[in-house]
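Each protein sequence line maps, in turn, to chains Y and X. Residue numbering for the first sequence is 1 to 280, as defined by my numbering. Residue numbering for the second sequence is 1 to 251, as defined by my numbering.
Note that these hints are calculated values from the structure, not bench results. Beta carbons are placed, not taken as given, at the ideal position from N, Cα and C, and that holds for glycine.
To give an idea of the interface, some chain Y residues facing chain X are shown, with a C-beta separation under 8 Å as derived from the structure:
1) Gly43
2) Asp103
3) Phe106
4) His108
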Amino acid sequence: MSREINGIGLGLRYDLATELLERRPASVSWVEIHPENYVDRGGRYREMLELARRDWPVVTHGLSSCLGDPAPFDAGYLSDLRTFLSDLEVPWHSEHLCLGAVDGRFFHDLLPLPFTDEAVRTASQRLSEMRDAIGVPLAFENVSYYATQEPNGLAEADFVVEVLERADAKLLLDVNNIYVNAENFGFDPKAYVDRIPAERVVQIHVAGHLLRDDGLRIDTHGEPVPEDVYDLLDYALRRIGPVPVLLERDNNVPPLDVLLREMERLRAIYHTAMEAGIVP
Amino acid sequence: MFPERAEAMHRICFDMEPSESDLGLLGSRDRWLVYRDLVRSRLTHIVAAALPRTKNAIGEHAFGRAVDEWLSTGGPKTRYLRHVPAELATFAIPVWRGTEAPWVADLASYELAAWNVRHAPRDPSSVAEFAFDRKPVITTAIEVLRLTHPVHDAPTPALGYERGPVWLCVYRDATHQPITTKLNAIAADLLDAWQRADRTVAQSVEQVAAAHETGIGPAFVEKLATLIADFIDRRIILGGQSPPRDPGQNA
Chain Y
1 MSREINGIGL GLRYDLATEL LERRPASVSW VEIHPENYVD RGGRYREMLE LARRDWPVVT
61 HGLSSCLGDP APFDAGYLSD LRTFLSDLEV PWHSEHLCLG AVDGRFFHDL LPLPFTDEAV
121 RTASQRLSEM RDAIGVPLAF ENVSYYATQE PNGLAEADFV VEVLERADAK LLLDVNNIYV
181 NAENFGFDPK AYVDRIPAER VVQIHVAGHL LRDDGLRIDT HGEPVPEDVY DLLDYALRRI
241 GPVPVLLERD NNVPPLDVLL REMERLRAIY HTAMEAGIVP
Chain X
1 MFPERAEAMH RICFDMEPSE SDLGLLGSRD RWLVYRDLVR SRLTHIVAAA LPRTKNAIGE
61 HAFGRAVDEW LSTGGPKTRY LRHVPAELAT FAIPVWRGTE APWVADLASY ELAAWNVRHA
121 PRDPSSVAEF AFDRKPVITT AIEVLRLTHP VHDAPTPALG YERGPVWLCV YRDATHQPIT
181 TKLNAIAADL LDAWQRADRT VAQSVEQVAA AHETGIGPAF VEKLATLIAD FIDRRIILGG
241 QSPPRDPGQN A
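Next comes chain Y alone, as it looks inside the complex (with noise of 0.2 Å):
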């Protein structure tokens, strides 16, 4: 039986694993990780993920099942994963919605999908695929995206709005990569959050991203959380309520007080949103 996972969870990331499974800090309530990095592999990896698992509830997220990919899924993979989440017992596992393969050839990378109705009957269809395969609820997170959309597809928020409903499916709402696209792209990211149903949201993800010269900025995963990312998470609990809210930090990875004082202003701002209610 799955363990709850609640309030402020951290990706349990190999270079931060070591101090963070020595510390064994309370202010973690749970930890997130990616299953490509465990599944078939043994050494330090399974090592870090037993530990952890002592302590902590474990949630998964994907890198390389990608629901826009045009290529059918790896049933060997699936199966394998099926297994793994099995064994964790995780209450649900999630994947982004991109493209992350072509032909078989993977890219390591999330790659924006075009904003359209044939990419939302792509995508819709491959998580239910993908859903009956692994046997737990899936979940999909909204991503960051660089490249100008055309012009005569649906707006971000539709299209996540579009394979949400259309595959009856859970979301992983990334606040960070709303943010992003919201500063590249010039829109609302509170009228993206709006867009959303709340009731479909199972997990949030926060994260600091480059703001490069020319003005682009990348979801690198590899600086502090930014205040405005910090108010875009404020809005977005008071908007869905008490869903769980990851710390990612996947590159330049501070040392753990560092994360760990993140952590506590997530803590605080999701103590504060849960006490002034849901807004409608």
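Position chain X against the provided structure of chain Y, taking the given hints into account.
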């Protein structure tokens, strides 16, 4: 429409040079070049992390060219970032044999072996006792290398390595680090046979000794016992396979 766009994204990221027609198809030219940089820098970073001495030996330019040429064959086939260096090495090592100093290909093979054992799957959880009349069980995190230069001796000498046969065992220790131990030709063949595990320990010893035209006398047995004890101590040998069930036994 979408599959055509996806193909164009793929070519922009992995072709040696992105074509203007693909960039024109997708629009937002400069931003697609950002994606090209993001994809390629992540992959270059992981192969450089796996092969740091090789990169240092041949220089950033030649290393980068090898990565570019490999990517232009279509990009990684693996979903696992940790397996990307092996795909690059499979492409690049034969190239480096022809273009770089004779020991560079050995160095890349050696670094890749260390990377592979670090990230190899878990050992089997259930293993029977080691016995000569059983097939052996060897750790999954091990590679046997037959090289022609002692590239495991670090740092790399300024003038490179002298040619000479080297047999190495690279395995993962209890702290998850890759450890290198030197073998002789017979020990390397024994370890190979034990990895295949298609014969009992006794049968594989007889086969390897015969192949090396070596009699199994007291000296051989003494060295074999020392080797096996060392491999068990290092957890290279985990034990033996359970004997097949006697069909006469009650279920």
